[in-house]
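Q: Protein chains in written order, with UniProt numbering: chain P, 1 to 290; chain W, 1 to 290; chain U, 1 to 290; chain F, 1 to 290; chain S, 1 to 290; chain E, 1 to 290.
To be clear, the hints were calculated from the coordinates, so they are not data collected in a lab. Model, not experiment: these values are computed from the prediction. No residue lacks a Cβ here, since even glycine has one placed at the ideal position from N, Cα and C. There may be inaccurate statements among the hints.
As the list claims (entries may be wrong) - Far from chain E, by Cβ distances over 10 Å, these chain P residues were calculated:
#1 GLN27
#2 GLU33
#3 ARG159
#4 LEU160
#5 GLY168
#6 ALA174
#7 LEU194
#8 ASN213
#9 HIS215
#10 HIS224
#11 GLU232
#12 LYS244
#13 GLU250
#14 PRO266
Stated by the list, open to error - Restraint-style ranges between C-beta atoms, simulated for each label pair:
#15 S/GLY238 - E/GLU211: 51 to 57 Å
#16 S/ALA210 - E/GLU211: 31 to 37 Å
#17 S/ALA210 - E/LYS13: 39 to 45 Å
#18 W/LYS253 - P/LYS16: 47 to 53 Å
#19 F/GLU237 - U/LYS228: 34 to 40 Å
#20 F/PRO254 - W/LYS253: 41 to 47 Å
#21 W/GLY238 - P/LYS16: 57 to 63 Å
#22 P/LYS229 - S/ALA210: 54 to 60 Å
#23 W/LYS244 - U/ASP15: 47 to 53 Å
6 protein chains.
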Amino acid sequence: MFYHDGKLQYKVKVDKPNPQFAKMLQQAIGGIEGEIRVCLQYLFQAWGARGPVKYRDMLLETGTEEMAHIEMLATAVALNLETAPNETKDKMASDSPILEAIMGGANPRHILSSGLAAMAVDSNGVPFNGSWVVGTGNLATDMYANVMAESSGRVLATRLWEATDDKGMKDMLAFLIARDTMHQNQWLAVLEELGGLEGMHPIPNSFPQAEENQHFNYNFLSTHIDPKKMAEGRWSEGKSMDGKSTFTIEKAKPEGQEPELGPPHPKGYAQKEQMTGGGSITEKVKDWLE
Amino acid sequence: MFYHDGKLQYKVKVDKPNPQFAKMLQQAIGGIEGEIRVCLQYLFQAWGARGPVKYRDMLLETGTEEMAHIEMLATAVALNLETAPNETKDKMASDSPILEAIMGGANPRHILSSGLAAMAVDSNGVPFNGSWVVGTGNLATDMYANVMAESSGRVLATRLWEATDDKGMKDMLAFLIARDTMHQNQWLAVLEELGGLEGMHPIPNSFPQAEENQHFNYNFLSTHIDPKKMAEGRWSEGKSMDGKSTFTIEKAKPEGQEPELGPPHPKGYAQKEQMTGGGSITEKVKDWLE
Amino acid sequence: MFYHDGKLQYKVKVDKPNPQFAKMLQQAIGGIEGEIRVCLQYLFQAWGARGPVKYRDMLLETGTEEMAHIEMLATAVALNLETAPNETKDKMASDSPILEAIMGGANPRHILSSGLAAMAVDSNGVPFNGSWVVGTGNLATDMYANVMAESSGRVLATRLWEATDDKGMKDMLAFLIARDTMHQNQWLAVLEELGGLEGMHPIPNSFPQAEENQHFNYNFLSTHIDPKKMAEGRWSEGKSMDGKSTFTIEKAKPEGQEPELGPPHPKGYAQKEQMTGGGSITEKVKDWLE
Amino acid sequence: MFYHDGKLQYKVKVDKPNPQFAKMLQQAIGGIEGEIRVCLQYLFQAWGARGPVKYRDMLLETGTEEMAHIEMLATAVALNLETAPNETKDKMASDSPILEAIMGGANPRHILSSGLAAMAVDSNGVPFNGSWVVGTGNLATDMYANVMAESSGRVLATRLWEATDDKGMKDMLAFLIARDTMHQNQWLAVLEELGGLEGMHPIPNSFPQAEENQHFNYNFLSTHIDPKKMAEGRWSEGKSMDGKSTFTIEKAKPEGQEPELGPPHPKGYAQKEQMTGGGSITEKVKDWLE
Amino acid sequence: MFYHDGKLQYKVKVDKPNPQFAKMLQQAIGGIEGEIRVCLQYLFQAWGARGPVKYRDMLLETGTEEMAHIEMLATAVALNLETAPNETKDKMASDSPILEAIMGGANPRHILSSGLAAMAVDSNGVPFNGSWVVGTGNLATDMYANVMAESSGRVLATRLWEATDDKGMKDMLAFLIARDTMHQNQWLAVLEELGGLEGMHPIPNSFPQAEENQHFNYNFLSTHIDPKKMAEGRWSEGKSMDGKSTFTIEKAKPEGQEPELGPPHPKGYAQKEQMTGGGSITEKVKDWLE
Amino acid sequence: MFYHDGKLQYKVKVDKPNPQFAKMLQQAIGGIEGEIRVCLQYLFQAWGARGPVKYRDMLLETGTEEMAHIEMLATAVALNLETAPNETKDKMASDSPILEAIMGGANPRHILSSGLAAMAVDSNGVPFNGSWVVGTGNLATDMYANVMAESSGRVLATRLWEATDDKGMKDMLAFLIARDTMHQNQWLAVLEELGGLEGMHPIPNSFPQAEENQHFNYNFLSTHIDPKKMAEGRWSEGKSMDGKSTFTIEKAKPEGQEPELGPPHPKGYAQKEQMTGGGSITEKVKDWLE
């Protein structure tokens, strides 16, 4: 169950409102790298957690924190969409329609749809999509999903930090960047507890590895058409990262057949020509049609 | 530029066609854990690769391989949707409509829309979505995205392997599971080359870390309402995973203000009551309206 | 800022796990009538609230409560996907693949993607969509959006209640149905405070009503082709609901012209025939092309 | 069945074409507050109407009218994308590529994809989404959905009216604003016929209210962490809006348990550590694994 | 402007309600091959039509007809979701929850969300998507889009016809199949008027063909890796279909360079290793960093 | 199976980087007219091809070529997002934030999300959608889908060609335009092989045409409300395009009934008023409720 106190986790101050920056901040709210995604991702992972409860507990802690980050960013968007009263009054007096001033690069829905407030969309106005909320039930996979989310989130936050010279915004982003640092480390700590590379991989480590194809599991396949070019590197020689085998490298080549599908089902209403064909009609089809 | 040879990378054989399993296999084609996603993800990462070209080269190799995996799975779906000719003929002779037999748990669009072939959708018929193709331009983030994709992909493949007892399908999946093992290792190899945990984190490592908030960057924040309950673990004490600091833990508490937005813009057409309010109207609004 | 305590707002007990019902419950989580939507809707409305702060405060209270409802339902889904250990062990021993038993009408991604846990999707597996989070900045509109969300939510919950005979599930739903009753009343209370029908409508009430077309604003237009048939009712006579005029009724007829667009732009690469036309080429085009 | 006459319901004239305004108008066509949504919503409600046929008849009348509104707006978009022939000719003669002039804030697909015509998308180019078409089969819910649609639609139209000083566009919008006034009143008239607040609520009124939890149905729950702060108002005391009870207020507190899920299914391929765990492994899991 | 008469264009009768078939019929309503798509497609093409008005007029005629087809199908869905009263009463008396009987292969939202009525979704419950409404402003392209829509629509309708043995449904589908026949012919008639293959192609025929690359415009490129295998056919020899050249065939080979992107922008926060690289760092990057 | 060589199919050179043009080029990558769509469309058609294998072979050839087109365009986007090093260095020295310079009309995610690289989205940032990948299993339908895709693709490419005066970009586009010319011709060649208009239509030609309604299959229906206005043309008289009948024309009129649905299901929780109604309650409902 959840509670709130109505204050922000960290101060949000906008010195010079900027609707273009409001549009950009939306990426950190409703984008795939954004806070709605990590908030729901950690909470759904917690709610579906099976196994040691300590991870469920931690996921709840941080999922709840992320809710406060959405709140901070939503406030920042709203403040960036405000214009100082005086300035606005002056504009009212002028001939030019109010929206013109902020339309270059701004999100029109910030005016038309939300009344100068944040929305559950990304920086192009594309709505948040629930498919981004990853929880597989495999803890190691989920932790990688979380490291990745916090990495792309921190990359995004540093780019936003770079994109503004508003002191208040830079301060807020410096806080969020710091939290991403912690969260990256936090999920990595779980990965260590889960056994590190050798203990965890290949993920899932509960599948009997003897069942996988033993020729292709540590074998870099080059698809380069030139027989002499193969992208070699750490991944093509030496001990595999999971310590379970040795990397090899070879040219990819087809082990499989040319696929042959049966004729179309007569009641599926393909074209007649697909059944009686031209020169290339297969014997199989002929037999069947008689 | 790309080439093909019309053969499958690995043999695809279906002993007993099963439309329900065809529906499930779609998750591995058009789902977020599926092959269209990794194929496009590796290729887009390659096409946008900046920095050492060896990673671009490797991404191209494996992105091209994934295209062959889509092909294998699409073939597997088509074969699972086929019924042996004789059996079908018998059905034709019976009164019952042809579709009835396969509707329990099958994807209706496999009959209605695709003519018994694979589609670019997941196991619920939800279309593939380009937002899943992650490439951030930050190599370490992208490698984590790739490890995560191959981890959720291998989890999916093992679950599909479990869901069938068709010998041909199990063999094909054992091949794909093996490739996921290799690909997990492969992206981990790049992460090692990029400096391992200490060298890479916090991602991005090119952002001047002094700019981030120094109180909150290695500090686990507990949002549990009970002052005595905090989810402790490896993440709350000891050296941080990136080796740059020491974990601490404390109770989250608001550092920020109660947010205060200005009144609605007069030309944004909120309700009048939002401007003149009830008892709680702020001084700020009063001043402005006069 | 937000806090949690790790307990459920109301008890969630499943007597007889049922994966089909798990699929149905997803509608109440990630569907348009579901709890993710109302949770984010109330919170985004709070975060963007301009005007009397009492409404912002109330929205925060209830938005936070809805988070606990998602948690309850996510737990209910996970419990409905569990099978008693013994039963499972027996199944393992049998020949039949584990998934077969639950595929009739179940969501395949509950097995393939989430590891028997809830997801941010609806009962057909369609992901939650951020466009459903409505907040217009006009308080009366938003309250109607909320009444409507709680009405469709309560309708959904009663249908789910009807669809199960699991005692635990019925009890949980009876709690959620009660909360929907309260929340409907709660938003209606705000609508009353905002002036009731006469005070609020037409929404937005801050737009100068003299600017709207004065012939068509209280005039029911019948588009029935039969001159004698018009759908009469309370809406076609008597005082208008907002008390500002009297309802009238008349046949709709075109007040506007037949639309005439200019010729295609020569560099927009329409077909040549669209510029030089057949018999019906307009003079306007001819002139322009010379 | 439907008919047309090729004329516009109301005149559409654009004095000064403006591609930015064309982009904005798209919100009123393909946005969630737009005319495609209300058109399909009223028609689908009509086509699925069960109960007194008078409502079905009225929904058909107005659904058909909305089709004419899409037509008006689509025409307005096309006209806003036109440039006077002479002006265009001059541009052709200049060096600058034709598109440059209109790219600031315009929708690139108006040039690239539609050939200077309207599309079924919103003001950010996000496609219309069928999930917005609400029809629950519960008439009162549907009427609230309609009041809400017309309220957000009128808010949008007044903001568009504010965003232009084109006389023709303002006149067209003044017509549409008037229709929204009527339609708000019209759906409210049905709500009155359905019994008003006391008769209708809680929606659905056909569910036996005794079955809902009797403690929580008229009880405002405060989730504020501070025991002394509760968002009081009309919703926390006095007769409930539906006249069926009296509002109370109390602090939310967990009535439910800490959720406990079973261990991961052994064939679902979670990580091994989720089954054998660390210090916190539950007895339940231990027993089961033996 | 549009009108209606409340009757169906053709009779819709369901002899034996079948919720699975209701689910399938949704493909013809809200699927990509469905009637909402063609209705909006023809109308949007009409509303944006530039050039000879006769095509605009015809598009309006048929777009309006398609609205009646949605109506027919929506009615058919609603009727397929009805159960004869007696049968229902009996079910009420039994222990089994009402929904169980119809859940195998049915759309749960037909019960949970719409109250036994049609929705704007496809046969998997995926919402209609406005991106499917194609109108390019190039009349020949649009006519091909229309032929294609009516072809996939007729294929769908014949498969639905095959999937039912309900006499009423077969009769309704025989009507819709006939209309698809007409509509295919109708759009083909426009293509003939636009000049047939030689007159129309390559589309757009208004682009100065001399500007396109003259080596590759009638040249089949084989990407088969085997130098001796090329997919020959009518497309590789003889006069081109547009009569403007002669088909040739050759092996595809790269005419372009190996792509070389600049180093990452220093403020875009890639990893440091992407700038200073390993062994493969380019001279370009080195120079730039100094 | 697939191979690559790391070179581009045709040279891609950008003389003057232009982020606005990069945004526009995205339409040709991830838009509905773009290359991801045709690539996957041809490949999925190949992978599901039933009937003469020559078409499967050809589809594979061209699907593979399209992959190279995505690569070219992705490279073009990345190059358009680059600024010459010197120019960038100067900008660094200035006060203005780096992003400001390119925000007018650019895609913010090119900076925030992808690090100056192409993404799987269209020119508005809307993600690629798998529903656009059309393959019906009916070869003629699929060929029309392909002609249409190449027609809208060529229209798009000519508009992009028009929108730039960068010599390198114009050259690349002139190549792509040429390939679209060939591909249009190529699919038309298959249509000829499939029998041309008379042989192919109505599609599917395998459905027994006697089963379709014989009154309405070659009959243009006018829905114009004016009895004297009917959109006549080639489609209303003369031999039908498929040579199987003669076109006629008549006024559309309802052949069907006024639809009558049963009352709402008592356990579906509509409003009570929908069951007991007002004046218009049907006898059917009354009987049933007793």
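Q: Next step is simple, just say for each hint if it's right about the structure.
A: Status of each hint after checking the structure:
{"no.": "1", "hint": "GLN27", "verdict": "violated (5 Å)"}
{"no.": "2", "hint": "GLU33", "verdict": "violated (7 Å)"}
{"no.": "3", "hint": "ARG159", "verdict": "violated (5 Å)"}
{"no.": "4", "hint": "LEU160", "verdict": "violated (7 Å)"}
{"no.": "5", "hint": "GLY168", "verdict": "holds (15 Å)"}
{"no.": "6", "hint": "ALA174", "verdict": "holds (16 Å)"}
{"no.": "7", "hint": "LEU194", "verdict": "holds (29 Å)"}
{"no.": "8", "hint": "ASN213", "verdict": "holds (16 Å)"}
{"no.": "9", "hint": "HIS215", "verdict": "holds (16 Å)"}
{"no.": "10", "hint": "HIS224", "verdict": "violated (6 Å)"}
{"no.": "11", "hint": "GLU232", "verdict": "holds (14 Å)"}
{"no.": "12", "hint": "LYS244", "verdict": "holds (27 Å)"}
{"no.": "13", "hint": "GLU250", "verdict": "holds (14 Å)"}
{"no.": "14", "hint": "PRO266", "verdict": "violated (8 Å)"}
{"no.": "15", "hint": "S/GLY238 - E/GLU211: 51 to 57 Å", "verdict": "violated (37 Å)"}
{"no.": "16", "hint": "S/ALA210 - E/GLU211: 31 to 37 Å", "verdict": "violated (50 Å)"}
{"no.": "17", "hint": "S/ALA210 - E/LYS13: 39 to 45 Å", "verdict": "violated (21 Å)"}
{"no.": "18", "hint": "W/LYS253 - P/LYS16: 47 to 53 Å", "verdict": "violated (29 Å)"}
{"no.": "19", "hint": "F/GLU237 - U/LYS228: 34 to 40 Å", "verdict": "violated (53 Å)"}
{"no.": "20", "hint": "F/PRO254 - W/LYS253: 41 to 47 Å", "verdict": "violated (22 Å)"}
{"no.": "21", "hint": "W/GLY238 - P/LYS16: 57 to 63 Å", "verdict": "violated (42 Å)"}
{"no.": "22", "hint": "P/LYS229 - S/ALA210: 54 to 60 Å", "verdict": "violated (39 Å)"}
{"no.": "23", "hint": "W/LYS244 - U/ASP15: 47 to 53 Å", "verdict": "holds (51 Å)"}
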